[in-house]
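K.L.:
Single-letter residue listing:
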Amino acid sequence: MNMSQLLLEALESLNSNKMRSGLTVLGIVIGVAAVISMLAVGNGAEASITGSINQVGTNLLFVFSGGSQDVRPRTSRPLTLADAAALMDPFAAPHLQGVAPALQGRGEVVFAGETKTTDILGVTPVYESVRNIKLLEGTFISEDQYYGHASVVILGVDVADKLFSHRDGLIGETVRIEGQPFRVVGVLAPQGGSAFGSADNQVIVPLTTAEARLVSRRGGEGTVDILFIQAVDFQAVPAAAEEVAQILRTRHRTPVGEDDFTVFTQESILNTIQSVTGVLTIFLGGIAAISLLVGGIGIMNIMLVSVTERTREIGLRKALGARKRDILIQFVTESSLLSLIGGIVGIILGWLISFAVGRIAAATGNTFTPIVGFDAILLATVFSAAVGLFFGIYPANRAANLEPVEALRYE
Amino acid sequence: MMELVVNARGLTKVYKMGEVEVEALRGATLTIRRGEVVAIMGPSGSGKSTLMNILGCLDRPTAGEYFLDGAAVATMNDDELASIRNHKVGFVFQSFNLLSRHSALANVELPLRYSGMTNGHRRERALEALTAVGLESRVNHRPTELSGGQQQRVAIARAIVNDPAIIMADEPTGNLDSKVGKEIIATLLRLNKERGTTLIIITHDAAVGEQTQRIIRIADGMVVDPSEVAA
Numbered sequence: 091m092n093m094s095q096l097l098l099e100a101l102e103s104l105n106s107n108k109m110r111s112g113l114t115v116l117g118i119v120i121g122v123a124a125v126i127s128m129l130a131v132g133n134g135a136e137a138s139i140t141g142s143i144n145q146v147g148t149n150l151l152f153v154f155s156g157g158s159q160d161v162r163p164r165t166s167r168p169l170t171l172a173d174a175a176a177l178m179d180p181f182a183a184p185h186l187q188g189v190a191p192a193l194q195g196r197g198e199v200v201f202a203g204e205t206k207t208t209d210i211l212g213v214t215p216v217y218e219s220v221r222n223i224k225l226l227e228g229t230f231i232s233e234d235q236y237y238g239h240a241s242v243v244i245l246g247v248d249v250a251d252k253l254f255s256h257r258d259g260l261i262g263e264t265v266r267i268e269g270q271p272f273r274v275v276g277v278l279a280p281q282g283g284s285a286f287g288s289a290d291n292q293v294i295v296p297l298t299t300a301e302a303r304l305v306s307r308r309g310g311e312g313t314v315d316i317l318f319i320q321a322v323d324f325q326a327v328p329a330a331a332e333e334v335a336q337i338l339r340t341r342h343r344t345p346v347g348e349d350d351f352t353v354f355t356q357e358s359i360l361n362t363i364q365s366v367t368g369v370l371t372i373f374l375g376g377i378a379a380i381s382l383l384v385g386g387i388g389i390m391n392i393m394l395v396s397v398t399e400r401t402r403e404i405g406l407r408k409a410l411g412a413r414k415r416d417i418l419i420q421f422v423t424e425s426s427l428l429s430l431i432g433g434i435v436g437i438i439l440g441w442l443i444s445f446a447v448g449r450i451a452a453a454t455g456n457t458f459t460p461i462v463g464f465d466a467i468l469l470a471t472v473f474s475a476a477v478g479l480f481f482g483i484y485p486a487n488r489a490a491n492l493e494p495v496e497a498l499r500y501e
Numbered sequence: 026m027m028e029l030v031v032n033a034r035g036l037t038k039v040y041k042m043g044e045v046e047v048e049a050l051r052g053a054t055l056t057i058r059r060g061e062v063v064a065i066m067g068p069s070g071s072g073k074s075t076l077m078n079i080l081g082c083l084d085r086p087t088a089g090e091y092f093l094d095g096a097a098v099a100t101m102n103d104d105e106l107a108s109i110r111n112h113k114v115g116f117v118f119q120s121f122n123l124l125s126r127h128s129a130l131a132n133v134e135l136p137l138r139y140s141g142m143t144n145g146h147r148r149e150r151a152l153e154a155l156t157a158v159g160l161e162s163r164v165n166h167r168p169t170e171l172s173g174g175q176q177q178r179v180a181i182a183r184a185i186v187n188d189p190a191i192i193m194a195d196e197p198t199g200n201l202d203s204k205v206g207k208e209i210i211a212t213l214l215r216l217n218k219e220r221g222t223t224l225i226i227i228t229h230d231a232a233v234g235e236q237t238q239r240i241i242r243i244a245d246g247m248v249v250d251p252s253e254v255a256a
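Listed in order, the protein sequences are those of chains H and U. Counting from 1, position 411 in the first sequence corresponds to residue 501 in the working numbering; the numbering is continuous, with no gaps. Counting from 1, position 146 in the second sequence corresponds to residue 171 in the working numbering; the numbering is continuous, with no gaps.
Quick caveat, the hints were computed from the structure, so don't treat them as lab data. Among these hints, one or two may not hold up.
[What the hints assert, rightly or not] One-sided and incomplete, this derived list gives chain H residues near chain U with beta-carbon spacing under 7 Å:
| # | residue |
| --- | --- |
| 1 | L98 |
| 2 | A100 |
| 3 | L101 |
| 4 | M109 |
| 5 | G112 |
| 6 | A412 |
| 7 | R413 |
| 8 | N491 |
| 9 | P494 |
| 10 | E496 |
[As the list claims (entries may be wrong)] Over 12 Å on every C-beta distance to chain H, these chain U residues come out as not near it, computed from the model:
| # | residue |
| --- | --- |
| 11 | T54 |
| 12 | D103 |
| 13 | A107 |
| 14 | G206 |
| 15 | G221 |
| 16 | E235 |
In this text, a Cβ means the ideal position worked out from N, Cα and C, and glycines have one as well.
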């Protein structure tokens, strides 16, 4: 029998028991839709997170004090402003464009009885260009304010929202940070979450002011917590990381393999996050795949019932000259067709679910778009066809091996 | 010179029913010439059905030789048997055994599908067979839309469509009233005359047996009376 005839006959047979075929297909539909939408959500989450990291700037490096291994305290030195200055040597570190040392702390910001606990970041004026800072209004901390230990502050939007309930017209207001008055000179544009907490829930002050009045220093004068470093471009990041490590090793006189600092690149952070979201996607997809498996068992169940019901038909076909192979192909075609239809409907449903998830996310203010990948569609199609084939073969084989005499006598 | 279509010697069939072995056939020997019309008769449990299954190539004998139209059937594998059934045997069953989802035409085409015939040719042959049984005006009806006699005639058309060497009719009138039953037997006999196809009818009905040329009587798994009726 040729292909189109096989398909036609299988369709007729499935059509003769619509309710049962429909319910069996539903199992596969749900399985495939779950796989498609879960993979879409996983991929969307990954894209959303990596997207927000890329927003920060892919040519950015971070240097923290403290090594990756246990470093002997005696030889461990903190990062200092002098380290930052040394990194700006254009001959030793040609791939570096800017170095912004920063102090980090936490404290309370108060205005007119409203209090907000927030991150306090003490920075140098170059921080603006290194981090590509955008302001809703006002200006960034100037050289004069830096060297003058000025009591000026730039508010993150979350802080502004909490203290003032609005984001504009705040220039010139005075807030109290840890009890001391600071004049507001700018408001940060909203950025959303990043790898290091929310960039919106922070206040930025001159590093000199923070050092003198806000953040208690553990390592003595001139020490900083973190260096933000800008490489000249994306391609220069690995070279820049190597230069930074070389210079700091020399300055800290650390033995090889016992660095008392850690250089993070956006790339390494991206890799970490991608492996995390990758695991998440596989996990979600795996759970969805289980439901596809259950759908496959449903197909097997129904095909077994169908074989029993049609024992006489099988006997007749054999009496008329059908070989084992003919019967096998007939039943495998039916089960494959069931799962193929389920696969196609499931892909459409999965896409609709992903679309709905995206709309719900958008409605709740998250910029999160599930991505229905071609690979997910391919995977679901292949997997559902394989499920139909795999779970169809056992019942089909049982049908093919029926003895014609007994099958004809079956009531 | 009449050539033998069925030549069976010492057919034995042993079934295992759990621990017990049941001998359904005990050395049945019979021959049937091409174009003959014979009835196989015998009481229930005589081994009649077992003999029919073996003659129709649905089953293999435990021991003995069987040549159908010159082919040694007893030693064939399942696929070879399927091919022999397809080309050399036409079945007519007591309960018609038509596929209810399909039209009369599709039912008659079914054996030809398994012979790998092309669509157009198949349709032509099936229409010709349906015309031969007088159902040319019912080709697109489904079995449920046909009377019992019409259904059995569709089954007969299905049996002759592949021009088989023998037609095995197992109680073909068992589910029909006597008037329609007579018409069916008449149709079978007419096709035997027109086409020269060997006809083997398994029956309880003595009236049916009398219309054949020869009655082969079975008892206790053996052929007891292969006596010939004048042709």
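K.L.:
Failing hints, ascending?
P.N.:
Structure breaks hints 1, 2, 3, 4, 5, 8, 10, 12 and 13.
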